[in-house]
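As a plain string of letters, each chain reads:
2 protein chains.
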Amino acid sequence: MGVIRLAIDAMGGDYAPAEIVAGVVEGARDFDLNLILVGDPDALQAELARHSIDGLPVEVVPSSGAVRMDEDPVQAVRTRPEASINVACSLVLQGRADGVLSMGHSGASGIAGLFHFGALPGVDRPAIVAPLLGLRENMYLVDAGANTEVRPQHLLQFALMGAAYVECATGVSRPRVALLSNGSEANKGNKVTKAAFPLLAAEPKLNFAGNIEGSTLLTSDINVVVCDGFVGNIFFKSTEGVIEALLTEVEAMLSSLPPEMATHLQPRLEALKERNDYATYGAAALVGLKQPLFIGHGHSRAKAVRNSIATAQKMIQQDVLGRISHVLKDVQATAVG
Amino acid sequence: MGVIRLAIDAMGGDYAPAEIVAGVVEGARDFDLNLILVGDPDALQAELARHSIDGLPVEVVPSSGAVRMDEDPVQAVRTRPEASINVACSLVLQGRADGVLSMGHSGASGIAGLFHFGALPGVDRPAIVAPLLGLRENMYLVDAGANTEVRPQHLLQFALMGAAYVECATGVSRPRVALLSNGSEANKGNKVTKAAFPLLAAEPKLNFAGNIEGSTLLTSDINVVVCDGFVGNIFFKSTEGVIEALLTEVEAMLSSLPPEMATHLQPRLEALKERNDYATYGAAALVGLKQPLFIGHGHSRAKAVRNSIATAQKMIQQDVLGRISHVLKDVQATAVG
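Listed in order, the protein sequences are those of chains A and B.
If you're matching positions, the first sequence starts at 1 in the numbering used here and goes up one per residue.
If you're matching positions, the second sequence starts at 1001 in the numbering used here and goes up one per residue.
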C-alpha cells in the first residue's frame, strides 16, 4: 500500500477550522501521509497561512457549509452534497482519498458514511469503537453512540467488529469481549442484552467473558465492552463529567500545598489530566462501512487532531476493514434487516 | 407521629451481619428511633454482644436465610416467607415497624416490597431514587436500578415520584428535572426517552428542564435525573469504577511527596475519598410502594448503615409517601398497565 491519503472534514468540531488545520499541519509534519483539508477555501487558506507548510503534503478541497448540531442529520446529509462531510466522503469514492476523518456532528458523519460508502456484507448497523479511558489500556467500547436502538443480533455484530478492530489497534489476539450490564451474573441485563448473551456465548469467533459491570470494568482484563449506542454514549459522557469534576477537586486540594510542592506535582497532575481527557485521544472508528471513517471528539484541539490522524493511518495501513469483512463473512447468516 | 420504628434486614449486604449490627448500634445511639434487627437470632446476638447496648432501643426478630445474589429473586421472595427481607416487610404489615431498610439484594428487596406492600395508586413501577454523587449536592437519579425495561409513561411517573422525594430530602422546592440522554437537544434520545420528553414537558407538576448529558450534569442545576434502571445502574457503577481508579492514581501521585506534605494532605484526601464513596451515603428509597422501603449499598459498612438509618428516619418523618401519593393522585389517568 502506498502513502495513505486522508480526507479531513475541516469544518466540523468545536474549534474548527483553526485547530483542525493546526492539527493537520502537525500530522503532516510528524507522519508520512497525504492530508486533504475539506472546507471553506478562504477560511482554510487563512488558517494555513499561520503555519509554515512549505513542502508539507497538505491539500485543500473546497466545500460549502457543515452539518450543524441542531440540524436533522439525515436531512442535512441528503440535501446538501456540498457540505464538508459529504465532499470528504466523495473524495474516497473518487479514489482521491483512502479514508475520512471528522471532528464534526458524529451522527451526521455516520449517516454520510452509510450514504456514500454503504455497509459491509453482514453488517446491519455500523457502530463506533472508541478507546475507553486513559485509566486502562487496550480497552475499547462499541457502540459509543451510533445506534440508540439495537436488537440482540446487532450487539453480536458490534462484538465481532469490535474484536477485529481491537486486534488491529492493540495487537491483543483473541481480545476478551464482555457485555456491559447491570450485574455480572448471566441472568442480569435488559431484554436486549439478555437475548444477546447466548448469541455472543455461542459464537466461536468471540472470546466471550460474559457480563461486566462498570464498577469492576477498569480492574478487569476485558478488551471489548459491548453495549448499545445510547448506553455507550451516556457511559462516555458521564465518566468524562465525573473525571473532570474530580480532577477539579484534586487541583483545589493541591492548591493548599506550599508553592514548591505544587510545582513538584504539577507535571504529574498535568499528565493525569491529559491521560483522562478524551479530547487528547485518537479518533474512534465507525466500523462496518465499506470505507474507513474516523470520528474525533468534538472538543478536539490540534493535538487530538494530530493523534486522530495517526490512529486513522495505522488502522488503514493494517487493513482493519479487510479483517472486519473476514470476521463477518461467515456470520452473515445471522444478519437481520 | 411517635418514635419511628425501622425494621432492618440484618442478613443482606456484603458485610452482614457484623457491619449491619454495628451500624444499627451507632444509629440507635445517635438518633431517636427504635430499631429492629431481622435475621438469624444466634448470629445477631453474637454480634450485639460485641457492643455495649444497655438501654439502646434495639430489638431482634428472628428470620431464616436471606436471598442470595445468584438466586432468582421473584422465586426466592415468593417461596421463602421466612427469609430476612420477607420477615422485615411483614413487620410493617403487622404494625410493628414503620418502614424497612435493606443492604441486601436490591432486586429481591424491591420484589418483596411490591409483594408485601403493593404499589401506590398511579404507580406501575416502583423505582429507586438515589443521591447522585458526593461531587454534587441536591442531585438525585431515578431509577437507579429497579426497572431494566420501561415505557415512556413510567419515566413520567419516575420524574414525579423523584421530584416529590427530592423535595422532602433536600428542601428544594420545585426541583429541576431532566432526562438523562445522549445529547442535550430535544431530538436526542432513544425511542423511550424521546417519547417521554413531551410527557414530562406537558406535566404542570414538573419543573422540566429537558435533556441532559452526563458530561455537563455535575455542573448543572438539575435536581432529579430521570432514566431507566438499566442505564441508571450502569451510570452509578461506571462512575463508581472511574472514581475509584482515578483516586488510586491520585494517591500514587501524592506518594511522591515528602512525608510531611503527604501527612498534610492526608485528611483532605480522605475527605475527598469518603465524599465520593457511594458506600458512605445514606440509603436510596424504593419509591412508589404503599410503605417506606430503603435500599442501602451492598458494600455498606457500619457508618453507611448508620447514615441510611438517618435517611430512612427523616423521610418517614416527613411523610414522603404522603407527598408522592398526593402528586400522583391527579396523574393516574396517564398510568398504563
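No lab work stands behind these hints, which were simulated from the structure alone.
Worth double-checking, as some hints may not be accurate.
Only part of the chain B face toward chain A is listed, based on derived beta-carbon distances under 8 Å [to be verified]:
1) Asp1070
2) Val1074
3) Leu1093
Straight-line C-alpha distance at most 30 Å; calculated BS3-like pairs for lysine-lysine [as the list claims (entries may be wrong)]:
4) A:Lys273 with B:Lys1273
5) B:Lys1205 with B:Lys1314
6) A:Lys194 with B:Lys1194
A few chain B residues that face chain A, going by a derived Cβ cut-off under 8 Å, partial list only [as the list claims (entries may be wrong)]:
7) Val1060
8) Asn1182
9) Lys1191
10) Leu1218
11) Ile1234
12) Gly1241
13) Val1242
14) Glu1251
15) Ser1255
16) Met1261
17) Gln1266
18) Arg1268
19) Leu1269
20) Leu1272
We put the beta carbon where it would ideally sit given N, CA and C, even for glycine.
Comparing the hints with the structure gives:
no., hint, verdict
1, Asp1070, "holds (6 Å)"
2, Val1074, "violated (11 Å)"
3, Leu1093, "violated (29 Å)"
4, A:Lys273 with B:Lys1273, "holds (18 Å)"
5, B:Lys1205 with B:Lys1314, "holds (24 Å)"
6, A:Lys194 with B:Lys1194, "holds (23 Å)"
7, Val1060, "violated (31 Å)"
8, Asn1182, "holds (4 Å)"
9, Lys1191, "holds (6 Å)"
10, Leu1218, "holds (4 Å)"
11, Ile1234, "holds (6 Å)"
12, Gly1241, "holds (5 Å)"
13, Val1242, "holds (5 Å)"
14, Glu1251, "violated (10 Å)"
15, Ser1255, "violated (11 Å)"
16, Met1261, "holds (5 Å)"
17, Gln1266, "violated (11 Å)"
18, Arg1268, "holds (5 Å)"
19, Leu1269, "holds (7 Å)"
20, Leu1272, "holds (6 Å)"
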